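Trainee: Sequence:
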Amino acid sequence: MANWQVTRLKCGGFLFGLRLNHTMSDGSGLAQFLTAVGEMARGATAPSVPAVWERYVLNARNPPRVTCTHREYEEVADNKATIIPPDDMAHCSIFFGPSEISALRKLTPPHLSHCSTFEILTACLWICRTIALQPDPTAEMRIICLVNARGKFNPPLLPRGYYGNGFGLLVEVATAGELFKKPIGYALELVRKAKASMTEEYLQSTASLMVLRGRPLFTVPGTYIVSDLRRAGLEKLLPWKDFSRSLKAC
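Numbering-wise (the working numbering), the sequence shown opens with residue 986 and increments by one.
A few of these clues could be false.
Claimed, not checked - Simulated crosslink set (DSS-like; lysine-lysine; CA at most 30 Å straight-line):
(1) Lys1166 - Lys1091
(2) Lys1180 - Lys1137
(3) Lys995 - Lys1091
(4) Lys1091 - Lys1167
(5) Lys1166 - Lys1180
(6) Lys1167 - Lys1178
(7) Lys1137 - Lys1166
(8) Lys1180 - Lys1167
(9) Lys1166 - Lys1178
(10) Lys1091 - Lys1180
Stated by the list, open to error - Here are the in silico distance ranges between beta carbons for each label pair:
(11) Ala1026 - Cys1053: 18 to 24 Å
(12) Arg1200 - Leu994: 26 to 32 Å
(13) Lys1167 - Thr1008: 23 to 29 Å
If you're looking for bench data, these hints aren't it; they were derived computationally from the structure. Computed from a prediction, not measured in an experiment: that's the story for all the values here. For each residue, glycine too, the CB sits at the ideal point set by N, CA and C.
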């Protein structure tokens, strides 16, 4: 389910490659696993945080009961208008420094002035991506935020050491025309609303949906997915790399 390779370079550096089956773990679980490997490589007889299986905590209710609206799993016709051709894409890294973030914050309304960097960046990039795609103004555009369920509830839903998939796909929808015309505060409100919809009831409802609909794929056409890597645990595993501004998007 996982393999990795270390390549030593003549200059004294090294490359670390890893391949993981995502059905086994998410980013936080991967960081926990690699931390345990590092601890035992340094002589520990057991990891400091024991691995916990306990997948049953996310089982569907019996009988399954969908109680939330799951627009992240809606069946949407693929009209090709919002799909980027695979042969016409380029991979790039975009860096936003303090001055860029400050400029974006000046565009937000007063009641959103305390939004997080993740939220303001996500709203900005969602708008920019939509403009770049130039879909029909009536086309529905989705923002999906991957939100970690660890530490979200009291008492915690997931036990310490749980390394399986423990996140939700939180969605909000706007038309392309709304994103074109409305100020950034509109998209920002939707991003914050999506993040705030992570509840235990939502997770239970999602589990029931998986049972009743046979684990459907999330909606792809017109969808922008973002994941905040800053608190996945990788910053502790790789202290020489700065994850403080890492935002993964696709």
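Trainee: It remains to establish, for every hint, whether it holds in the given structure.
Mentor: Hints, one by one, checked against the model:
no.: 1; hint: Lys1166 - Lys1091; in the structure: 18 Å, holds
no.: 2; hint: Lys1180 - Lys1137; in the structure: 11 Å, holds
no.: 3; hint: Lys995 - Lys1091; in the structure: 48 Å, violated
no.: 4; hint: Lys1091 - Lys1167; in the structure: 16 Å, holds
no.: 5; hint: Lys1166 - Lys1180; in the structure: 23 Å, holds
no.: 6; hint: Lys1167 - Lys1178; in the structure: 17 Å, holds
no.: 7; hint: Lys1137 - Lys1166; in the structure: 35 Å, violated
no.: 8; hint: Lys1180 - Lys1167; in the structure: 21 Å, holds
no.: 9; hint: Lys1166 - Lys1178; in the structure: 20 Å, holds
no.: 10; hint: Lys1091 - Lys1180; in the structure: 22 Å, holds
no.: 11; hint: Ala1026 - Cys1053: 18 to 24 Å; in the structure: 43 Å, violated
no.: 12; hint: Arg1200 - Leu994: 26 to 32 Å; in the structure: 41 Å, violated
no.: 13; hint: Lys1167 - Thr1008: 23 to 29 Å; in the structure: 39 Å, violated
Violated hints for the displayed structure, listed by number in ascending order: 3, 7, 11, 12, 13.
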